[in-house]
Amino acid sequence: MYSMGKQDNIYEEGNLSGLPFSFNQEVTEVFEDMIDRSVPGYKTSLKLIAQFSKKYYQANTNCYDIGCSLGASSLAIISGANNAKVIAIDNSEAMITECNNRYGDLVADESIRFLQDDVCKSKLENASVICINYVIQFLKLTERDKLIKKAFEALLPGGVLLISEKVHFTNKFQSRRLFQLHHSFKSANGYSDLEIAGKRDSLEGVLHTETQEVHINRAISAGFSSAEKVLSNINFVTYKFVK
1 MYSMGKQDNI YEEGNLSGLP FSFNQEVTEV FEDMIDRSVP GYKTSLKLIA
51 QFSKKYYQAN TNCYDIGCSL GASSLAIISG ANNAKVIAID NSEAMITECN
101 NRYGDLVADE SIRFLQDDVC KSKLENASVI CINYVIQFLK LTERDKLIKK
151 AFEALLPGGV LLISEKVHFT NKFQSRRLFQ LHHSFKSANG YSDLEIAGKR
201 DSLEGVLHTE TQEVHINRAI SAGFSSAEKV LSNINFVTYK FVK
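The sequence shown begins at 1 in our numbering and counts up one residue at a time.
Keep in mind that the hints were calculated from the coordinates and are not lab data.
A quick note: this is a predicted structure, and the numbers were derived from the prediction, not measured.
Backbone N, C-alpha and C define an ideal beta-carbon position, used for all residues, glycine too.
Any given hint might turn out to be false.
What the hints assert, rightly or not - Here are the simulated BS3-like cross-link-like pairs (lysine-lysine), alpha carbons at most 27 Å apart as the crow flies:
1) Lys140 - Lys240
2) Lys85 - Lys240
3) Lys121 - Lys240
4) Lys240 - Lys43
5) Lys140 - Lys166
6) Lys240 - Lys166
7) Lys123 - Lys149
8) Lys85 - Lys186
9) Lys85 - Lys172
Stated by the list, open to error - Computed beta-carbon distance windows for the label pairs:
10) Gln180 - Ala59: 43 to 49 Å
11) Asn171 - Ser79: 36 to 42 Å
12) Asp118 - Thr211: 22 to 28 Å
13) Ser225 - Asn82: 34 to 40 Å
14) Val230 - Glu93: 31 to 37 Å
15) Gly223 - Ser184: 38 to 44 Å
16) Ala108 - Asn189: 32 to 38 Å
17) Lys123 - Ser232: 31 to 37 Å
18) Arg113 - Arg177: 40 to 46 Å
19) Leu115 - Lys146: 39 to 45 Å
20) Gln180 - Gln116: 36 to 42 Å
Produce the complete structure using the sequences and hints provided.
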């Protein structure tokens, strides 16, 4: 078993160090607890990554975990695909340092290679599985189409791109209802109203969601022959795009 991080209390009363949100050392230390308590369906999405990696991995190809954070998707890939080699990329020095410290055995046997790099500029090639989880929403709008197109071009025929994202809805009633459901989800996981509001404020101007239609249309425009939603939990969605 690999070590887990600390409990997330970044946004407790009087603690404003989380403003604005960034993937710094403070967030790295609590990231696993934060995402598990904040993102409905997160663990299920990892199980899907393992299943789809088993199905779509092609021998002697690369697997990529783009925006790998603490490597959960990388672990899911290698648990599903026998002999897979994962290239895990993140621009956060704190995240990559922790990954190298935590998964030294997997780095040593070359199962995973962790790289600190700009995910929009990193080289992708000879791929059969690419994961981009909860990353697109943090990119500039001008970079999103480029990254999905680059992923498409890096994939071999029959390869898969798996994306998980927070989405929004154009229907105001639906949007408000799902906002309230997500608030209740976080409350049930031990976050106070103050903590929830604090994180929401810290993400203002940092995280920009899109609609489900935008994600699907972007994949089709990039050239993917199959684009489908495979998981939906409140306002978090996982997509499977096949070349």
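Do the hints match the structure? See the list:
no., hint, result
1, Lys140 - Lys240, "22 Å, holds"
2, Lys85 - Lys240, "20 Å, holds"
3, Lys121 - Lys240, "23 Å, holds"
4, Lys240 - Lys43, "16 Å, holds"
5, Lys140 - Lys166, "15 Å, holds"
6, Lys240 - Lys166, "15 Å, holds"
7, Lys123 - Lys149, "13 Å, holds"
8, Lys85 - Lys186, "35 Å, violated"
9, Lys85 - Lys172, "44 Å, violated"
10, Gln180 - Ala59: 43 to 49 Å, "47 Å, holds"
11, Asn171 - Ser79: 36 to 42 Å, "38 Å, holds"
12, Asp118 - Thr211: 22 to 28 Å, "26 Å, holds"
13, Ser225 - Asn82: 34 to 40 Å, "26 Å, violated"
14, Val230 - Glu93: 31 to 37 Å, "32 Å, holds"
15, Gly223 - Ser184: 38 to 44 Å, "39 Å, holds"
16, Ala108 - Asn189: 32 to 38 Å, "35 Å, holds"
17, Lys123 - Ser232: 31 to 37 Å, "32 Å, holds"
18, Arg113 - Arg177: 40 to 46 Å, "43 Å, holds"
19, Leu115 - Lys146: 39 to 45 Å, "19 Å, violated"
20, Gln180 - Gln116: 36 to 42 Å, "38 Å, holds"
Checked against the numbered hints above, the structure breaks hints 8, 9, 13, 19 and satisfies the rest.
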